[in-house]
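Protein chains: 2
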Amino acid sequence: MPLTVKALFYDVFGTLTDWRSGVARAAEAVLKPKGFALDFGAFADAWRGEYQDALEEVRSGRRPFCKLDGLHLRNLEITLRRFAVTGLGDAEKHELNLAWHRLDAWPDVRPALVRLKRKFLLAPVSNGNISLMVDLARRNGFPWDAILGAEIAGDYKPKPRVYLAAADAFDLRPADCMMVAAHSNDLSAAAALGLRTAHIARPNEHGPGRGEVAPRVPVDFAVTSLGELADKLGV
Amino acid sequence: MPLTVKALFYDVFGTLTDWRSGVARAAEAVLKPKGFALDFGAFADAWRGEYQDALEEVRSGRRPFCKLDGLHLRNLEITLRRFAVTGLGDAEKHELNLAWHRLDAWPDVRPALVRLKRKFLLAPVSNGNISLMVDLARRNGFPWDAILGAEIAGDYKPKPRVYLAAADAFDLRPADCMMVAAHSNDLSAAAALGLRTAHIARPNEHGPGRGEVAPRVPVDFAVTSLGELADKLGV
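Chains C and Y, in that order, give the protein sequences.
1168 is the number of the first residue of the first sequence in the working numbering; add one for each residue after it.
1168 is the number of the first residue of the second sequence in the working numbering; add one for each residue after it.
Heads up, some of the hints might be wrong.
Stated by the list, open to error - Derived lysine-lysine pairs resembling DSS-like cross-links, with alpha carbons at most 30 angstroms apart:
#1 C:1286 with Y:1260
#2 Y:1234 with C:1201
#3 Y:1173 with C:1284
#4 Y:1326 with C:1284
#5 Y:1326 with C:1173
#6 Y:1260 with C:1234
#7 Y:1234 with C:1260
#8 C:1234 with Y:1326
#9 C:1326 with Y:1286
Read the hints as simulated data drawn from the structure, not as lab findings.
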């Protein structure tokens, strides 16, 4: 099948940004001065560990759609209790929740996006809300054409609606769009709808040596950096 | 009231782009080679003249929301009949409808947006759909943080939902957002919801000497170029 891709859609947490280091850093900055000596990497893992269950509440229809910031805040409460952290005010919890808005990109991302923008429309198709995506773009210089994803669709990946709403926003057929992610479940959901797919290995996403080094599903491209994908797409 | 503005929202047709010249040019390019010797400026005016009635069908609830591209296409059919233009195929009508994706910005816009982006979040809050906004941004170098507006809100300006959905997407109160437009009705609707407002004079929007030279409603700023607004906002 010839490649007719006109737009590249990106997963963001893990694929473009190092959420574990960023969240651990923010937790340390807020909690350490208060005397909480935690394993902050484990804290980040535990917070992220609540993610799928919270999304499933919305995907299943048991909860109406709300921004990911709201789900992150609920998951933070759970995680604070688990780590026996008490005494935080609402403003401090809100500040800590903004950790997700202040993640750093993996170093290959920004230069490759600038190259890829010459030939393709670029948008995040993330479960993160618009303001979160905008803050990450400002911080890391992501040159998006638009912010697509969960908030536009009113549902969370891997529900089909999220991928299809993104293609529709660009007036494109699914086959003209490529989902780029470090997670096989994201790519298999996109592929089932006819999108093309690219897997980027992020071997350290969940800490050193803990990440998907290769796709577990068929993909159009499997690369180890976004620059390698740009090479393969001829930009 | 102190100015706490963090985001600037822009009207696009007329305020940032010269729709009349662009549409007249596209109509001439498609129709003149087919032997139709029209007043192409008048053709553009007539096409745009159908705009508010079409929006009102959606705003009133008589028609479900559809992208502005779809309304533009219906309005094109009406306009072609009025100018006794016959024999165009669907592909030619679609091509002509893309005139709205290929408008040129007024010359003050791009340099001022680059300045304003240093201090403010920037987004179009237009009735145009996402793909239309993306094409105009690519053509003219508009450095948007996100594409907000009608398609996000599922309704058309000046319905309150469109302005409020834009503020909400950025996690901002209406008072922290400023609507920038060349049209008093757009600004009065925004002001009624608590947004700050800036009027830009576009005296030639509807042809030489036919445009709003000054606001007909109270506004926070009234300027003759986007650069002047940047000056006044201290960037």
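Any hints this thing doesn't respect? Which numbers, in order? 2, 4, 5, 6, 7, 9
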